[in-house]
Amino acid sequence: MSGGPEDRLAALGLALPEVPTPAAAYQPWARSGDLVLTAGQLPVVDGALPCTGRLGAELQTAQGAQQARTAALNVLAVAAAAAGGLDRVRVVKLTVFVASAEGFHEQHLVANGASELIGEVLGTAGVHARSAVGVASLPLGAPVEVEAVLEVSSG
Amino acid sequence: MSGGPEDRLAALGLALPEVPTPAAAYQPWARSGDLVLTAGQLPVVDGALPCTGRLGAELQTAQGAQQARTAALNVLAVAAAAAGGLDRVRVVKLTVFVASAEGFHEQHLVANGASELIGEVLGTAGVHARSAVGVASLPLGAPVEVEAVLEVSSG
Amino acid sequence: MSGGPEDRLAALGLALPEVPTPAAAYQPWARSGDLVLTAGQLPVVDGALPCTGRLGAELQTAQGAQQARTAALNVLAVAAAAAGGLDRVRVVKLTVFVASAEGFHEQHLVANGASELIGEVLGTAGVHARSAVGVASLPLGAPVEVEAVLEVSSG
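Just so you know, the protein sequences line up as chains C, Y and S, in that order. Each residue of the first sequence is one higher than the one before, counting from 1 in my numbering. Each residue of the second sequence is one higher than the one before, counting from 1 in my numbering. Each residue of the third sequence is one higher than the one before, counting from 1 in my numbering.
If we strip away everything but chain C, and leave its shape as in the complex, we get (with noise of 0.2 Å):
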């Protein structure tokens, strides 16, 4: 890949969005040491939820992919926000909340949106570890949170 992360955000047709405001009585991250540890995202678009329901009942795969993928976004502004812009950042570690109906085992696949968005944007810098499960419901009815576990450069 050509460029820095921002170039091939743009590529994508896609810009950073402000970091999004807390749903409650927390910060978007905490730094310790290299290590940044992001507060769970949800999929939100101009501060709000384009979609809200489970996967397996009123959401299918492929827009729960989506989703994962509006979250992984957020999860780069706040990437860009604490480390001082993404080309200082590295993605070590995705979880990936899916909001799921019974019988509903593809948590894996929604979560690609997230991983997939990451790779695409950071190259090498965001190749990272997983996991992916189904739980009952998310806050503000949101289909997926994201979470991620950073490491910045300290230079």
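Be a bit skeptical, because a hint or two may be false.
Chain S regions said to be covered by chain Y (calculated; three or more residues, Cβ under 8 Å) [claimed, not checked]:
(1) 83-93
(2) 116-128
(3) 132-143
Residues from chain S that face chain Y, not an exhaustive set, calculated with beta carbons under 7 Å [stated by the list, open to error]:
(4) SER100
(5) PHE104
(6) HIS105
(7) HIS108
(8) ASN112
(9) GLU151
(10) SER154
Derived by calculation from the structure, the hints in this document are not laboratory data. The C-beta atom is built at its ideal place from N, Cα and C for all residues, glycine as well.
With the hints as your guide, set chains Y and S onto chain C.
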């Protein structure tokens, strides 16, 4: 805020409990460098759960927030033991698992019970990132489980 | 305990499997400094799940604990690959996600299947903190998913 975290705990009418005995084959915390990872803490008081059940079914949001506050007090007990005193610890991240019936979407408000206690007691050392998710069920029927990533002073 | 972790594995009649291929767009582990974060490991054996279903419905606690033990063996395979040998790794934290039907509250006993294997194989290097939670469902219908935070020797 004046005084140290123990003073603030006392002003809240609280005292650190004993570190809860793990319910199974593990330890209350483990350290790597300056990071301490706690085990998930249930809202046990004197070794028992004051209430059980799911949010959105047997329990209401305000009750859940109180239980999250209790679990966070146990997190502080673990933190004090791990760090050698509450004045030697920062809370970097909380993950709050909330036992949730279908259709309950106020996990973030439940989790505020934990976040607010941490802030009241630790002040700026309690400014943390957070994830809150709604799970199907928790050990022993607990309504909430809270785990933390801590940074301890190496001095 | 005498001998190294590989000796103890053999004494248990076990051998490290191949590192399971991730089910999707991510890697089995990622490292930052001396920390290694693993991807969530399912109880796959030779690339397939021996059983599927939820605890409290299709599966009983003892079966779930056996599946957690299998998933933990996969965690050990990842750990050995990441660290260059099991004698160079500590397990700091396990998170055990247990697919749970309503009313099932023995996630901690299921998770013991993972914790006990880690302790048997790694000894004091396997003393870890842990969270166990009951989730709605897991990828591919797996009954458990186990992820780990590891510390590897930097030498």
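Against the structure, the hints come out as follows:
1. 83-93: holds (count 3)
2. 116-128: Result for this restraint: holds, n = 4.
3. 132-143: holds (count 5)
4. SER100: 5 Å, holds
5. PHE104: 6 Å, holds
6. HIS105: Holds, because the Cβ-Cβ distance from HIS105/S to chain Y comes to roughly 5 Å (cut-off 7 Å).
7. HIS108: 4 Å, holds
8. ASN112: Since the shortest Cβ distance to chain Y is 5 Å, the answer is holds.
9. GLU151: Cβ of GLU151/S sits 4 Å from chain Y, so the hint holds.
10. SER154: With a closest approach of 11 Å, the SER154/S hint is violated.
Hint 10 from the list above is the single one not met by this structure.
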